[in-house]
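K.L.:
Spelled out from the first residue to the last, the chains are:
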Amino acid sequence: MEATKTLQYTAKDFKSDQYVRWCPGCGDYAVLNSLQKVMAELGVAPHDIAVISGIGCSSRLPYYTSSYGFHTIHGRGAAVATGVKVANPKLSVWQITGDGDCLAIGGNHFIHSVRRNVDLNVLLFNNQIYGLTKGQYSPTTKKGFVTKSSPFGTVERPFHPAELTFGARGTFFARLLDVDLKTSQQCMLAAARHKGTSVVECLVNCVIFNDGAHNWIAEKENRADRIIVLEDGKPMVFGKDRDKGLVLDGFNLKVVTIGENGITENSLLVHDATCQDSTLHMKLAMMEGPDMPIAMGVIRSVEEETYDEAVEAQIAQVQAKSKIKTFDDLIATCEQWDM
Amino acid sequence: MDKTKTTELDNVVVRFSGDSGDGMQLTGTLFSNLSAILGNEISTFPDYPSEIRAPQGTLGGVSGFQVHLGSSKIYTPGDDPDVLVVMNPAALKVNAKSIKRGGIIIFDSDTFNKSGFDKAGFTTENPFEELGISETIQLIPAALSALTQSSLDGFGFDNKTVLRSKNMFALGLICWLFNRPIDQAIHFLTNKFSKKPSILEANVKVLTDGFNYGNNLHLSISTYQVERSYETPKGKYTSISGNKATAWGLIAAAQKSGLQLYLGGYPITPATDIMHELAARKDMGVKVVQAEDEIAGITSAIGASFAGSLAVTNTSGPGLALKSEAIGLAVMAELPIVVIDVMRGGPSTGMPTKTEQTDLLQALYGRNGESPAVVMAAGTPDDCFHYAFMACKIALEHMTPVILLTDAFIGNGTSLWKLPKLAELAEIKPNYVKPGMEGCTVTARDEESKVRYWSVPGMEGFGHRNGGLEKDYETGCIATDPLNHEKMVNARQAKVDYVTNFIPELEIEGAADADMLVIGWGGTHGHLTSAVNNLNKAGKKIALAHFNYINPLPKNTVEVIQRYKKVVVCELNSGQFATFLRSKVPGVEFLQYNKVQGQPFTVAELENDFSELM
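Chains as they are written, first to last, in the numbering used here: chain A, 948 to 1286; chain B, 110 to 723.
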């Protein structure tokens, strides 16, 4: 790749020749389209991108991008992606995973890649169900929900991906909704540009086994009143009429209406995604309806040294000081004698 | 010097034994290294307890280190010791059964008191009589604690620090007993403690006092002389453990192939020293990821392999079990990866510090589906270097996972190693895609060897999608066609089978006209060679076929084995290699000699068994 050449791509350059085999109406299509648009916008050549996945419906995604792709085994995508990125930090590495792959069988790898802050872009497709195995509850399924493996309703408490990410000291968390293409692309672009593990929770609809799981915000007529798209440095305004906002009330967030009780836009919280302290990010990410809007967009994005950079830096530091450059140098360091 | 006599020996076995904190490993290592410098053949074996620090003076905390010196070629750390150094009564009790008749026991008489006897479970005041060995052994009592205390009088150390140097007093005594000048030991100590001058000074003082103490004992005990060996090929040597040799073999392969070395691993006894060695080699650009678990160890290595590195994971039996599914992924994705299993006692957690060969069938067959991988095994501590190097070469040149089996015995044991030069080692040429092949499928392969062409992210024009799903032989796309699946299964098998063309043929050691063939594999090489050599010297017609390549087997395996009337397969398990051979070599009745005690064979037990069989 010549450094001087400006790389101009379109989404088409990132489409593979494979027929996409998700169910008609699956939310994954929209995420794939958004991803291909974002890849084009990033200007990274397809051959410098590696898309790594585990097992599940969403994990089929690598077959549909024209980059290098690796569809691995259940739950281990994060570990494979870590190896890819550490081995070659120049690559743009995307990890595609689902709520089962990432948070059940792959939970350990997920928290540790986040903890290490490996420079990965993680698209976590959350449809709150196991689709590929045909309809069992997942670690994000709401308590009480009836599925094939919970005919009387689940008795399990679900995970919130954001809470896990922050608990693992995550440096980036964003949330998008499959059908909201604009926010989706903004989130993915920010994730790609952020150095470190960028976790993007993609709320996707499973038309077959959990249709309408995100309907409360997915239905267009009410969406503006039920989500808040956070933007760094901007006041937290939402609503069809842009008249609602968030303020701090004691330790908690509260919805207020601009123009009522002396509230103006200046009274509202201003989003700071770059704040090291994740307390407010957590509160924003944990908001639930019907009293609160669901937070979308980039909730947290802070800079910290990445694992792959740290590995490289330490090698360079040791190499600068060591006299051992080759295998023969190494052999020469042995306590040795003639026989 | 005032001594009665010096006995010349062809070889001698010394075992140092004490609490895990007594520094027996260091004492033994120093003694073996300085003997090697004087021209002796050496082989050592440490025997650690599983407990980190069991209560002081108890049987559970006894740690040993055995050294075998020879003036001619030796192959094992020896069976029973001629000289036993014990730092407390517990160490005596643990080792009493194995001391040779007429052997010498040097013991710290300061620990041979009521409290020491109680902790070791002795019921009388005379443990030697209680063990029934007082008539058959020679005793050298030395008040090691008190002598060390007086040696360091005036150094200003607290008592605990002073007593830590007790092992140096014992080393001095042993140097006297074996007529070893202590200059070389002092040189080693100077290297080891260069950053701690006061500790160095103290250790040198105690060592010297120990040596002089022996000199002035005026005992009627004969000292030993083991002459230098003239059987080893001339050259520069060091003493190396199997785990270190393994790590260095990987480093050599990385440099030879021009690839970055990546290790994904998780700490596990007795394999972790490989990770330690590699983590220290950042100067050579080695990337070590200490993963969150065994699975991430191998899967991150598979990721590194996908990205173009020489990728390795190290483990022991329980870890190999956890890595099974991922090895299957490497089989399916046809990616090069080296899996090193330093075998230990199993099943489950088993006996983590003890040696066994019980993972063979797991390595061969422990995966779902038709999942062939190359399986090989190193035979001695020093040849771990060669086989680690070859494992990398085969993985890279044949695009396959390679499982290299070593074990706790050769991993922790040491032997002499002739220092290699990189230029002397074989070339490693991975099967990369070539210019002009742009757009080729992920399954494109050389039709003769069935080896897939390797392209890695970053190469323009070779973007592809790999994965664990079955692929179409021609297009590389995911496929469930029945006949295609069978074709792919056969191609992956043929690729592994083809490796047999690149490995040496089986060679027979021992009598050319033998009636009986002994078969072994991996880390038992030293014991089997010694037993067969001894029997040959006694005029018995017996030969040895030792395997380092197991899957595929050397080309001439069937023909060689079928030549013998009687065949006995010896292994540290219940008969796993015998089972494998029965499936590969028709028309042969395989007898078995098995031992599953967490301990290596002894040469004596092998000789007895073979003599009975013949």
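Treat each hint with caution, since some may be false.
Stated by the list, open to error - Below, computed lysine-lysine pairings styled on DSS-like, alpha-carbon distance capped at 30 Å:
#1 B/LYS345 to A/LYS1270
#2 A/LYS1270 to B/LYS527
#3 B/LYS650 to A/LYS1272
#4 B/LYS538 to A/LYS1270
Claimed, not checked - Just a few of them, taken from the derived set where beta-carbon distance is under 10 Å, the chain B residues facing chain A:
#5 LEU309
#6 PRO342
#7 LYS365
As the list claims (entries may be wrong) - Here are the computed distance ranges between Cβ atoms for each label pair:
#8 B/TYR474 to A/GLU1110: 34 to 44 Å
#9 B/LYS305 to A/GLU1103: 11 to 21 Å
#10 A/GLU1103 to B/LEU592: 38 to 48 Å
Source of the hints: derived by calculation from the structure; they are not laboratory data. Quick reminder that beta carbons are idealized off the backbone N, C-alpha and C, glycines included.
K.L.:
Next step is simple, just say for each hint if it's right about the structure.
P.N.:
Here is how each hint holds up against the structure:
| no. | hint | in the structure |
| --- | --- | --- |
| 1 | B/LYS345 to A/LYS1270 | holds, 21 Å |
| 2 | A/LYS1270 to B/LYS527 | holds, 22 Å |
| 3 | B/LYS650 to A/LYS1272 | violated, 51 Å |
| 4 | B/LYS538 to A/LYS1270 | holds, 28 Å |
| 5 | LEU309 | violated, 16 Å |
| 6 | PRO342 | holds, 8 Å |
| 7 | LYS365 | holds, 8 Å |
| 8 | B/TYR474 to A/GLU1110: 34 to 44 Å | holds, 43 Å |
| 9 | B/LYS305 to A/GLU1103: 11 to 21 Å | violated, 56 Å |
| 10 | A/GLU1103 to B/LEU592: 38 to 48 Å | holds, 44 Å |
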